[in-house]
Amino acid sequence: METVFNPYILHVGIIGLYYAILASSWNVVAGMTGFATYSHAAFASLGAYVSALITLYFGLPILISLPLAFFCGALFGGLLGKLSLRLNGTYLALVTLAFSELFRLFLTNEDQWTRGALGLKVPLLWSDSENGVVAQKIAALMIFGVVLVSLMIFIRRVRRSRTGLHLRAILSDELAAASLGVQTEKLRVWVFSASSAVASLAGALYGHYLGLISPEMGSLSQMFLILAMTILGGMGTWLGPVIGALGLEILSEGLRDFGQHHVFLYALVVLLVFRWRPQGLLGGRR
Amino acid sequence: MIRCQQIRISFGGLQVLKGVDLSVQEGEVLGLMGPNGAGKSTLFNVLTGVHSPDSGTIFLKDQVVRLRNPATAAALGIARTFQTPRPLLGLSVFENVAVATADHDLAIRCLQKVGLQNQRDRDSGALNLMDRKRLEVARALALRPKALLLDEAMAGLTAVEMEEATSLICSLKESGVAVVWVEHVMGPLFRTCDRIAVLDQGRIICDGTPDVVSKNPEVLRVYLGEEF
Ligand SMILES: Nc1ncnc2c1ncn2[C@@H]1O[C@H](COP(=O)(O)OP(=O)(O)OP(=O)(O)O)[C@@H](O)[C@H]1O
Ligand SMILES: [Mg+2]
Chain L
134 METVFNPYIL HVGIIGLYYA ILASSWNVVA GMTGFATYSH AAFASLGAYV
184 SALITLYFGL PILISLPLAF FCGALFGGLL GKLSLRLNGT YLALVTLAFS
234 ELFRLFLTNE DQWTRGALGL KVPLLWSDSE NGVVAQKIAA LMIFGVVLVS
284 LMIFIRRVRR SRTGLHLRAI LSDELAAASL GVQTEKLRVW VFSASSAVAS
334 LAGALYGHYL GLISPEMGSL SQMFLILAMT ILGGMGTWLG PVIGALGLEI
384 LSEGLRDFGQ HHVFLYALVV LLVFRWRPQG LLGGRR
Chain P
108 MIRCQQIRIS FGGLQVLKGV DLSVQEGEVL GLMGPNGAGK STLFNVLTGV
158 HSPDSGTIFL KDQVVRLRNP ATAAALGIAR TFQTPRPLLG LSVFENVAVA
208 TADHDLAIRC LQKVGLQNQR DRDSGALNLM DRKRLEVARA LALRPKALLL
258 DEAMAGLTAV EMEEATSLIC SLKESGVAVV WVEHVMGPLF RTCDRIAVLD
308 QGRIICDGTP DVVSKNPEVL RVYLGEEF
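Line by line, the protein sequences are chains L and P.
Mapped onto our numbering, the consecutive letters of the first sequence carry residue numbers 134 to 419.
Mapped onto our numbering, the consecutive letters of the second sequence carry residue numbers 108 to 335.
The hints are simulated quantities; they were obtained by calculation from the structure and are not laboratory data.
We put the beta carbon where it would ideally sit given N, CA and C, even for glycine.
Hints may contain errors.
As the list claims (entries may be wrong) - Examples of chain P residues lying across from chain L (beta carbon under 7 Å, computed):
| hint | residue |
| --- | --- |
| 1 | P142 |
| 2 | G163 |
| 3 | A178 |
| 4 | R193 |
| 5 | I215 |
Said to hold, decoys possible - Calculated Cβ distances over 10 Å to all of chain L for the following chain P residues:
| hint | residue |
| --- | --- |
| 6 | D128 |
| 7 | N176 |
| 8 | L198 |
| 9 | G263 |
| 10 | R298 |
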């Protein structure tokens, strides 16, 4: 019991779930619909800052700021989808990358509201000291868990619906799908919007869990971590991104004891997985 | 049923369609021929909302329609096949058709019509060229089209297969679909079509019954040396 309810292990679990939510929601756009965007970490950061600013400056409770963060992610995600309607492949990657970096630079240089690169102190999910650290972490773990499980159920239902068939059609051939009556433009905006909303919600929760956020939350290294987790687990599969995210997070923590060799071992494991399973751990399944 | 007027389109300075007029009635089969690069597929792309024309008007049942994208065209009942088949890889043959219709029985009937019912559960990527062309037609039919644009359904088929395809087109005609049929293989075209239009370098140079077209001097010039 003591090892499981050790705050450090709980913390690793929570961060793992955070990345699982990000990887799964990114997988919906990139793996299941075929639009590789590079703005997902930026949306997590957007959500974190929106929720933080709302609680800090308007004094609203987290229970209200979370849905607002979700809504902002949906709005800006949909807008980005709409603006990039005619873009695919490399162009889409560049536009979303630019959006992501612009947002990060904006946050870094803005110091009146967000304190720039110093980072912003954010109200915690629970005001301190009421229950013990362990109880708080267990509660946080459950919240992230509920979000992840709801997301996974939702994704599964969508995949088995007609919309899911249409998304697979778009993934395969956007023009052919459209010529069969699939509303490719509408679905694209919808998928961008939904996926960004989930990222923003996850980011907001993450901020209120840690109590401190910085513009680096939306950095490209975070984005590439999400990407690596998704690909490692199996792009386009249902459960792959969750396995990839939890796996890489646990691996990276587990290797910490190896000190400076940790990055090397980490890279080695990732390379070995790709050597034996180029499609990702669950690749080939749906 | 479907009519277009003075369609013009150019790509980076190259004028591909230079004022094309064309019309097809319900239950009519219009053959569209023309040498390589004449603009036949481009015209189909305009009529299905893939490209918006620089100028010109499209009418469906005498109503002006603006085709914002291919999905709009499909929803209005304009279906097409692609010259190079574009099966939705990763989807089964049945799923390919099901993308176009939520009606399970209709999807099955469309597969039966083209003779693909026995391969319905195969991955569409596993089909050979002939079956891919069949799938193109089955998917288009699943949209319950008012107008059907066929881009080279026969190239590469054997004589028997061509007969099958021809009788399929005739059965569509009976159900009242307006068919525009692009084909380089002229035998079936001249035997089946009510009317034939010839496109050359972005212009319709002749539009009439097969008989009239086969004797038109300008058509003979374009197709110099080819047998009718
Ligand atoms: N999207 C495009 N961008 C640039 N040029 C194009 C585009 N689509 C077609 N063209 C050009 O338009 C001309 C007509 O092409 P199109 O495919 O319509 O000919 P076609 O009559 O279908 O010929 P074929 O019998 O070989 O299929 C060609 O010169 C082609 O290169
Ligand atoms: Mg062509």
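Going through the hints against the structure:
{"no.": "1", "hint": "P142", "in the structure": "violated (25 Å)"}
{"no.": "2", "hint": "G163", "in the structure": "violated (20 Å)"}
{"no.": "3", "hint": "A178", "in the structure": "holds (5 Å)"}
{"no.": "4", "hint": "R193", "in the structure": "holds (4 Å)"}
{"no.": "5", "hint": "I215", "in the structure": "violated (16 Å)"}
{"no.": "6", "hint": "D128", "in the structure": "holds (24 Å)"}
{"no.": "7", "hint": "N176", "in the structure": "violated (6 Å)"}
{"no.": "8", "hint": "L198", "in the structure": "violated (6 Å)"}
{"no.": "9", "hint": "G263", "in the structure": "holds (20 Å)"}
{"no.": "10", "hint": "R298", "in the structure": "holds (28 Å)"}
Checked against the numbered hints given earlier, the structure breaks hints 1, 2, 5, 7 and 8 and satisfies all the rest.
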